[in-house]
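These protein sequences, in sequence, are chains A and B.
With UniProt numbering, letter number 123 in the first sequence gets 123, and the count goes up by one each step, no holes.
With UniProt numbering, letter number 118 in the second sequence gets 118, and the count goes up by one each step, no holes.
Some hints could be false.
[Unchecked claim] Computed footprint of chain B on chain A; a stretch qualifies when at least three of its residues, placed anywhere within it, have a C-beta under 8 Å from a C-beta of chain B:
#1 74-85
#2 93-99
#3 160-169
[Unchecked claim] Chain B regions said to be covered by chain A (calculated; three or more residues, Cβ under 8 Å):
#4 109-122
#5 185-191
#6 197-205
Don't read these hints as lab results, they were simulated from the structure.
In this text, a Cβ means the ideal position worked out from N, Cα and C, and glycines have one as well.
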Amino acid sequence: MENLLKVKQLKKYFDTPGGTLHAVDDINFSLAAGETLGVVGESGCGKSTLGRVVLHLLESTSGQIWFEGKDITHVSRSELRELRKKMQIIFQDPYASVDPRMTISAVIDEPLRNNGMKSRSEREEKVAELMELIGLAKRFTDYYPHELDGGRRQRAVIARALATNPRFIVCDEPVSALDVSIQAQVINLIMELQEKLRLTYMFISHDLSVVKYVSTHIMVMYLGQTVEYAETGDLFAHPVHPYTQALLSAVPIPKLGAQKQRILLKGEITSPIDPKPGCRFAPRCPRACEQCHQEIPALREVADGHMVACHMV
Amino acid sequence: MNQKRNKTLLRIREFFRLLFRKKITVLALAIFLVLVVMVLLAPVIAPYGYDDQDISRAFTSPCREFLFGTDKLGRDIFSRVLYGGRISLSIGIIATLIASAVGILLGAVSGYYGGWFDNVLMRLFDVLMSMPPILLAIAISASLGNGIMNAALAVIVTAIPMKARLARGQVLTIRSQEYMEAAIATNASTAQIIFRHVLPNILPVIIVQITLTVAGSITTVASLSYLGLGVQAPFPEWGAMLSAGRSYLKDYPYVILAPGIALLLTLFSLNVLGDGIRDALDPRLKD
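Could you build all of it, start to finish, from the sequences and the hints given here?
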């Protein structure tokens, strides 16, 4: 299948008073049209930064990004405008990501106005169409965001992202701010839309059960680096990296009396500012050896399409 | 769209309901409106012109003919207070509006873009704000020379740093909101972001500040005139009238009574009104 998005040696460093923060450090992946890449990792591992760098909301430090077969690492203003119609983002917090002084229709209308749809009636029609698509009743048109619950607000945010008919959407923890009962609805909506509109997703989350449900492929990140990448089924069946194993062992099993061996990680996440040489996970790894503290393990294929960065496997 | 208009109307009505919840705010608004109307209608209401003199009737006590008495040149104080209010209020309001427009624009741009522009501007404003405002106004006014325009200019320059600071802080808060990023992701231009997202969101705070600043500007103009730097004779201005009456305070206290009370009422009503608007627009802003 054609690769819609390809990322090679992508890096994003931030200069902080304490040193250089390696938020995204040498990430590689490719994503075929219609697929969903789940990106998991704990808070601060750079998964949101990765999404924003891909969308050009943040400038990359180095590396390359291809979209629809074209190198988009460095683009002109007008190219970026065209690009942004095709790449969108759904934010985590539906309370912060909509302007509190705009009605729901104005929120959904904004991308239409910004992208040169002049006629008012045409825009109104499109807004109505989008609201129907994401399942928001017509009566909410003139509601203000604070008058809606989180789920409905998130639906409006999704409608805004869909307004320019994008092909690729970064979902940045789209359900983690929602009630559990609403989460399922929104996830199902996101998946229905994928099928209906042939969308490609990069789905960022720290909730493994959600990621397992929506993704075709999963990338596990730790401190800005990929530690494991595989197809979803493969990853859950045969996790190889010690970090992935620890993560998966923490997923609760919805069954009474289920016994399971949890791998408890010791210590804290190390600082991403000027990281020491060696495997980033080594200080917490139960299987770390001398080599792990010396060299960064390269990402290599251990089975068909299953990549791991670990010296010990 | 019709429903939307109704909603806006509802919001406005809700604002006034909250505003009028406190009796004192209603009183302040009433006082201010009466003052404004009287001052606007000065040529109609005032029984005499502001510089009609009758030396033979200097220092007449308040009576039916001269409501607040006459000054040392036999001019009717009531008429002078009315005409003086035109100058005091208009300088206060116009200077505040100009200062707000310039200050908010500078502050918003400074906060939005940051960088060296922000640094240079803020250090400059730090210097201006390190001086007591009235001293600064006196310094500017004295170096430019006497006159209404220069006094107004002094008021404007003194007020700009405060406004810029306020706007900058507000913009910084809003800038970090996720909906700004969302707007960028949907190809919003900088102008669209500023006018559609930034300004509407900082407006409540700004409106309150403007109301309170009008009072401050009137005080500054009056102070400058009192010191002889602002409005010059024969034009009446409340501060100038206070200054002129000062020497006769012991024998004819009513000379300063009327301008003093007018000034007092204006400042009182504006300050109370500002507090009321603040509470009505955003209850969280209290204290």
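Structure-based check of all given hints:
Only when three residues or more bring their CB closer than 8 Å to a CB of chain B does the claim for the region 74-85 of chain A stand; here the count is 3, and the claim holds. Using a Cβ-Cβ cut-off of 8 Å, 5 residues of the region 93-99 of chain A lie near chain B, which meets the minimum of three, so the contact claim holds. Evaluation of the coverage hint for the region 160-169 of chain A: fulfilled, as 3 residues show C-beta separations to chain B shorter than 8 Å, against a requirement of three. Using a Cβ-Cβ cut-off of 8 Å, 0 residues of the region 109-122 of chain B lie near chain A, which falls short of the minimum of three, so the contact claim is violated.
Beta-carbon proximity to chain A at under 8 Å applies to 5 residues in the region 185-191 of chain B; the threshold of 3 is reached and the given coverage holds. With a threshold of 8 Å between beta carbons, the proposed coverage of the region 197-205 of chain B by chain A holds, since 3 of its residues qualify and at least three are required.
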